[in-house]
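K.L.:
Sequence:
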Amino acid sequence: KQWYQRRVAITAGIEGHFRAILGTMTVEDIYSDREGFAKNVRAIAGPDVSKMGIRIISFVIQNITDNVDYLKSLGVKRAAEVKRDADVGVAKSTAESGIKTSEAEREHMQAKYSCDALIAENKKSYEMKQAEFNQEVNKSKAEAELAYELQAAKENQTIKKEKSTDCDSALIPLL
5 KQWYQRRVAI
15 TAGIEGHFRA
25 ILGTMTVEDI
35 YSDREGFAKN
45 VRAIAGPDVS
55 KMGIRIISFV
65 IQNITDNVDY
75 LKSLGVKRAA
85 EVKRDADVGV
95 AKSTAESGIK
105 TSEAEREHMQ
115 AKYSCDALIA
125 ENKKSYEMKQ
135 AEFNQEVNKS
145 KAEAELAYEL
155 QAAKENQTIK
165 KEKSTDCDSA
175 LIPLL
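Just so you know, we're using my numbering here: the sequence shown kicks off at 5 and counts up by one.
Since the hints were derived computationally from the structure, they do not count as laboratory data.
Heads up, simulated DSS-like pairs for lysine-lysine below, C-alpha to C-alpha not over 27 Å straight-line:
#1 Lys-87 <-> Lys-76
#2 Lys-76 <-> Lys-43
#3 Lys-116 <-> Lys-104
#4 Lys-145 <-> Lys-158
#5 Lys-133 <-> Lys-116
#6 Lys-145 <-> Lys-128
#7 Lys-81 <-> Lys-96
#8 Lys-133 <-> Lys-143
#9 Lys-127 <-> Lys-143
#10 Lys-104 <-> Lys-87
#11 Lys-55 <-> Lys-43
#12 Lys-116 <-> Lys-128
#13 Lys-116 <-> Lys-127
#14 Lys-145 <-> Lys-133
#15 Lys-143 <-> Lys-128
#16 Lys-158 <-> Lys-143
All values derive from a computational prediction rather than experimental measurement.
When you get a sec, could you build the whole thing from the sequences and use the hints?
P.N.:
This is the structure in structure tokens:
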């Protein structure tokens with residue numbers, strides 16, 4: 005056979021197997037799993053064309069089109085699904101982030117209030133001890149002042165007694 009005739013026969017054989025495989029798959033499967041489709045073509049058409057002395061080394065589907073834009077609408081649908089899923093993911097992530105931020109803020113405020121309460125308690129304790137100390141100091145000052153006044157009064161009495169005794173002894177000889 006001439007090269008041209010063999011080419012027509014090989015093309016017809018591959019096209020026949022191609023149509024048979026297409027009949028077993030959905031449009032969505034063909035569109036989404038091109039590699040699987042190409043493997044099926046190689047597996048089924050390979051033995052048939054090898055009898056003609058041809059070996060299928062590579063079979064790649066470059067483009068799939070249709071006249072009613074069904075495949076294009078599948079892509080649009082899938083793009084919309086991906087966008088929707090991304091929007092849902094962003095919304096969930098934002099919500100989770102807000103929850104985590106709120107929890108962290110709550111924990112921060114609890115820690116702050118706990119520290120503020122501890123500071124207030126320590127300040128109260130300090131002020132109570134300071135008041136006790138001041139009370140003791142004031143008591144000691146008052147006792148010291150009283151002791152001083154008492155001692156001064158005793159000294160004044162002793163001086164008065166001595167003056168009066170001196171005066172009495174000076175008056176006695178005159179009698």
